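Asker: Turn these sequences into a full structure, and let the hints guide you.
The chain contents come next:
There are 2 protein chains.
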Amino acid sequence: MLKIAIDEKVIEDLLMSLAKIGQVGETGVSRMAFSEEWATAMDICRAFGEEAGLEMRMDAVGNLWARLEGKSRGPVVATGSHIDSQDPGGRYDGALGAVAGLVSLAALKAQVGQPDQTLEAVVFCEEEGSRFPTSGFWGSRGIVGKIAPEDLVTTRSFAGEPIGEVMASVGLDPARVGAAVRDDISAFIELHIEQGPILEAADLPVGLVSAITGMGQFEVSIEGKDDHAGAFPMDLRRDPMAGFAEIASSLIDHAHRLGRPAVTTIGQCTVEPGGTAVVPARVTFSLDARHPDPDAREKLYSTQDNLMREICARRGLGYTRKELINLAPCVSDASLLSRMKAAADDLEIPHLTMVSGAGHDAQQMALIAPIAMLFVRSEGGRSHTPEEFSTLGDCCDGTRVLAQTLYRIAYTQ
Amino acid sequence: MLKIAIDEKVIEDLLMSLAKIGQVGETGVSRMAFSEEWATAMDICRAFGEEAGLEMRMDAVGNLWARLEGKSRGPVVATGSHIDSQDPGGRYDGALGAVAGLVSLAALKAQVGQPDQTLEAVVFCEEEGSRFPTSGFWGSRGIVGKIAPEDLVTTRSFAGEPIGEVMASVGLDPARVGAAVRDDISAFIELHIEQGPILEAADLPVGLVSAITGMGQFEVSIEGKDDHAGAFPMDLRRDPMAGFAEIASSLIDHAHRLGRPAVTTIGQCTVEPGGTAVVPARVTFSLDARHPDPDAREKLYSTQDNLMREICARRGLGYTRKELINLAPCVSDASLLSRMKAAADDLEIPHLTMVSGAGHDAQQMALIAPIAMLFVRSEGGRSHTPEEFSTLGDCCDGTRVLAQTLYRIAYTQ
Chain A
5 MLKIAIDEKV IEDLLMSLAK IGQVGETGVS RMAFSEEWAT AMDICRAFGE EAGLEMRMDA
65 VGNLWARLEG KSRGPVVATG SHIDSQDPGG RYDGALGAVA GLVSLAALKA QVGQPDQTLE
125 AVVFCEEEGS RFPTSGFWGS RGIVGKIAPE DLVTTRSFAG EPIGEVMASV GLDPARVGAA
185 VRDDISAFIE LHIEQGPILE AADLPVGLVS AITGMGQFEV SIEGKDDHAG AFPMDLRRDP
245 MAGFAEIASS LIDHAHRLGR PAVTTIGQCT VEPGGTAVVP ARVTFSLDAR HPDPDAREKL
305 YSTQDNLMRE ICARRGLGYT RKELINLAPC VSDASLLSRM KAAADDLEIP HLTMVSGAGH
365 DAQQMALIAP IAMLFVRSEG GRSHTPEEFS TLGDCCDGTR VLAQTLYRIA YTQ
Chain B
5 MLKIAIDEKV IEDLLMSLAK IGQVGETGVS RMAFSEEWAT AMDICRAFGE EAGLEMRMDA
65 VGNLWARLEG KSRGPVVATG SHIDSQDPGG RYDGALGAVA GLVSLAALKA QVGQPDQTLE
125 AVVFCEEEGS RFPTSGFWGS RGIVGKIAPE DLVTTRSFAG EPIGEVMASV GLDPARVGAA
185 VRDDISAFIE LHIEQGPILE AADLPVGLVS AITGMGQFEV SIEGKDDHAG AFPMDLRRDP
245 MAGFAEIASS LIDHAHRLGR PAVTTIGQCT VEPGGTAVVP ARVTFSLDAR HPDPDAREKL
305 YSTQDNLMRE ICARRGLGYT RKELINLAPC VSDASLLSRM KAAADDLEIP HLTMVSGAGH
365 DAQQMALIAP IAMLFVRSEG GRSHTPEEFS TLGDCCDGTR VLAQTLYRIA YTQ
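Chains A and B, in that order, give the protein sequences.
Just so we're on the same page, the numbering used here is the position in the first sequence counted from 1, plus 4.
Just so we're on the same page, the numbering used here is the position in the second sequence counted from 1, plus 4.
Accuracy of the hints is not assured; some may be wrong.
Below 16 Å or equal to it, Euclidean Cα-Cα: the simulated EDC-like pairs (lysine to aspartate or glutamate) are [to be verified]: (1) B/229 to B/239; (2) B/113 to B/55; (3) A/113 to A/11; (4) B/229 to A/383; (5) A/229 to B/383; (6) B/7 to B/352; (7) B/229 to A/391; (8) B/24 to B/47; (9) A/24 to A/40; (10) A/24 to A/47; (11) A/229 to B/391; (12) B/150 to B/187.
No wet-lab data here; the hints were simulated from the structure.
Being a predicted model, the structure only gives us computed values, none of them experimental.
Answerer: The structure is reproduced here in structure tokens:
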């Protein structure tokens with residue numbers, strides 16, 4: 005099998021050109037959607053694609069597409085990731101997948117010419133929700149038809165600007181947003197940094213993602229009775245902190261014992277009334293629980309609900325659980341997964357198959373096409389911070405697997 | 005033994021006159037130290053004392069004293085409690101003890117005339133710290149010489165006013181604050197509502213307080229590592245929430261198993277960075293732990309410290325504990341306690357001996373005299389709220405025990 009070659013230097017040059025746009029400190033990047041920095045970063049991507057002889061266009065939502073026309077008029081095989089960052093984030097989250105797609109198409113065109121099936125590399129305009137708190141996945145939502153006209157007005161930045169107006173300020177016509185919808189994509193593969201420590205712990209550069217986990221977020225409230233911290237004996241209290249502590253221990257321990265890939269996180273906790281010398285009346289906390297298997301996920305949530313219900317009933321505490329987010333798992337396409345594996349084997353790049361615990365644009369793309377993802381090892385599992393880091397070698401290995409997979413799909417060997 | 009009679013109606017009248025001053029809603033009271041309402045309430049107490057033929061004077065700090073001169077020139081037996089309230093508090097916290105002292109002296113004078121030992125009833129000017137957050141026990145501190153000249157400037161109201169200026173606004177001369185110091189008190193008994201549920205649970209109107217508990221307040225911080233709630237497997241996390249949950253469960257359970265009068269409360273908890281989808285980096289919480297026995301208290305704190313240290317070490321978490329408050333227990337005088345018991349037995353008023361879990365002016369007074377306290381049953385154990393309630397019958401029973409005790413001490417039978 006022919007091996008598509010990827011030049012580390014090309015990846016480094018494009019990634020570091022982008023890292024300078026919206027640079028914060030030495031390694032941080034603050035590249036908010038539809039900002040000046042964003043537009044400059046898009047120009048850099050466009051220039052790279054044009055230089056490589058790819059057909060470049062920006063769609064109506066602000067996604068930049070690079071196209072390598074195939075011999076057949078059939079559907080398109082696409083890859084890519086997002087160009088916007090956290091505020092500040094690092095150099096790799098999103099950007100690496102955008103770079104990998106462009107570099108892969110450039111390498112394929114240069115090394116094997118016109119494909120049978122048309123290839124496209126997309127640079128999604130917005131994924132993080134870091135400028136517009138409710139805009140997450142704006143770019144991929146535009147492609148799959150999940151932006152409603154009212155979203156252009158109701159989706160507002162932290163500064164209060166409607167996203168439609170901000171889009172207009174960079175030359176996009178918000179009235180044309182529907183024109184970004186695609187119905188001609190037959191496969192989508194996203195490369196992204198792992199954002200977790202699994203590859204590092206396994207000492208492997210690349211992961212093949214078999215599923216993006218399903219996520220549930222809940223707000224749980226435990227009600228007791230506030231009393232004087234000195235005058236109320238322990239045996240007469242209805243202390244919601246005691247209930248919360250038992251619940252938090254039980255849920256975290258339960259997820260731990262279930263083993264990977266189940267996770268449960270309590271990241272927020274509010275105690276009322278909040279006096280040092282007052283037995284609390286209420287403890288409210290956030291519960292984030294994820295599992296990529298649909299049945300196991302439902303079982304996880306019902307087990308947690310039953311556990312909390314039992315603990316609160318036994319302690320005479322009130323219990324309410326409000327669902328805030330419920331995202332179904334997104335399972336990768338088996339055929340794409342086996343082609344990624346074959347590609348990694350072609351190149352003798354060691355890898356494992358794993359689950360993504362974080363959400364990605366690929367989840368949106370799954371509404372219109374089979375998807376799969378490739379992960380590149382993250383040092384310390386860090387992301388959403390200027391400290392996130394992946395070695396150039398790992399970035400290149402990931403891109404090689406991506407290009408080789410696209411070769412296996414879009415070209416007749 | 006002669007039984008001193010107390011007229012329920014007299015207690016009701018004085019208590020309800022005070023309840024109207026600074027009234028909030030139907031049963032709430034907001035009577036901030038040195039306010040207009042405070043001055044009016046003091047006038048009502050003064051008028052009651054004068055009417056009863058007691059010698060009334062306000063000291064340099066703002067405490068109002070009623071004196072019933074004894075035949076001997078020896079030291080004084082004193083009683084009383086505070087007139088200021090929480091914002092808003094209820095009708096009973098503080099006020100009942102002030103009323104009980106005045107009513108007792110009036111009854112003693114009327115029924116048995118001049119005592120051998122001089123009796124005084126004090127209405128403390130400030131105890132709650134509800135107007136000046138650091139002023140707590142201002143009145144009794146003045147009497148025991150624990151107000152430094154700089155405190156008059158540095159003790160400021162929530163609105164920023166120095167307490168010295170506010171005192172001057174009600175006609176007190178802050179420069180004379182030292183004149184309030186007393187060195188001629190041989191016993192002090194404070195009557196107060198229980199603020200807890202122990203008497204109610206035991207179905208008894210009155211408690212004899214053998215000690216005011218010792219209190220330690222700590223700020224504890226547990227450090228882990230913040231990670232992505234989806235991408236980080238449970239087995240690779242250093243989650244301070246898991247450590248906190250185990251600690252909170254262990255400490256609350258430990259105090260519960262120790263049994264009364266040990267108590268432990270976690271009333272505040274802050275989770276950082278506080279994202280629903282972020283494994284926390286740090287959990288900081290308040291720890292309030294109390295025990296009236298000095299050795300048992302030290303053992304409680306060291307057991308807690310060791311438990312927290314062990315849990316954090318086992319989980320790879322950082323641990324720091326900062327002591328914020330350390331108040332030694334205040335043990336009641338055995339002789340005063342036995343006289344209170346004899347008085348309750350004289351009157352056939354059922355009672356138990358118990359510990360105060362809350363702090364009181366009597367703790368300050370203990371610096372200059374033997375002390376004891378009497379508790380009156382609180383409905384539902386409530387206090388520091390407009391809902392606090394004690395029946396008139398219980399208020400009267402408490403006052404009867406107080407008057408009978410003063411009779412036993414200050415008069416030759």
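Asker: So, for every hint listed, does it hold in this structure?
Answerer: Hints and how they fare:
1. Of the pairs offered as hints, the one joining residue 229 of chain B and residue 239 of chain B holds, with about 13 Å between alpha carbons and a cut-off of 16 Å not exceeded.
2. Between residue 113 of chain B and residue 55 of chain B the CA atoms are separated by roughly 12 Å; this keeps the pair inside 16 Å, and the hint holds.
3. Taken as a hint, the residue 113 of chain A and residue 11 of chain A pair is honoured in the structure, with Cα atoms around 14 Å apart against an allowance of 16 Å.
4. In summary, the hint linking residue 229 of chain B to residue 383 of chain A is supported, as the alpha carbons are separated by about 14 Å, within the 16 Å threshold.
5. Only pairs whose Cα atoms come within 16 Å are accepted, and residue 229 of chain A paired with residue 383 of chain B is accepted, the gap being roughly 14 Å.
6. This hinted pair checks out: residue 7 of chain B and residue 352 of chain B have alpha carbons roughly 10 Å apart, not beyond 16 Å.
7. Note on residue 229 of chain B and residue 391 of chain A: the hinted pairing holds, with a Cα-Cα distance of about 14 Å set against a maximum of 16 Å.
8. Restraint check for residue 24 of chain B and residue 47 of chain B: the C-alpha separation of about 13 Å stays at or below 16 Å, so the hint holds.
9. With a CA separation close to 13 Å, the supplied pair residue 24 of chain A and residue 40 of chain A stays within the 16 Å bound.
10. Between residue 24 of chain A and residue 47 of chain A the alpha-carbon distance is near 13 Å, which keeps this suggested pair within the 16 Å criterion.
11. Simply put, residue 229 of chain A and residue 391 of chain B have alpha-carbon atoms about 14 Å apart, close enough for the 16 Å limit, and the pair holds.
12. Between residue 150 of chain B and residue 187 of chain B the CA atoms are separated by roughly 13 Å; this keeps the pair inside 16 Å, and the hint holds.
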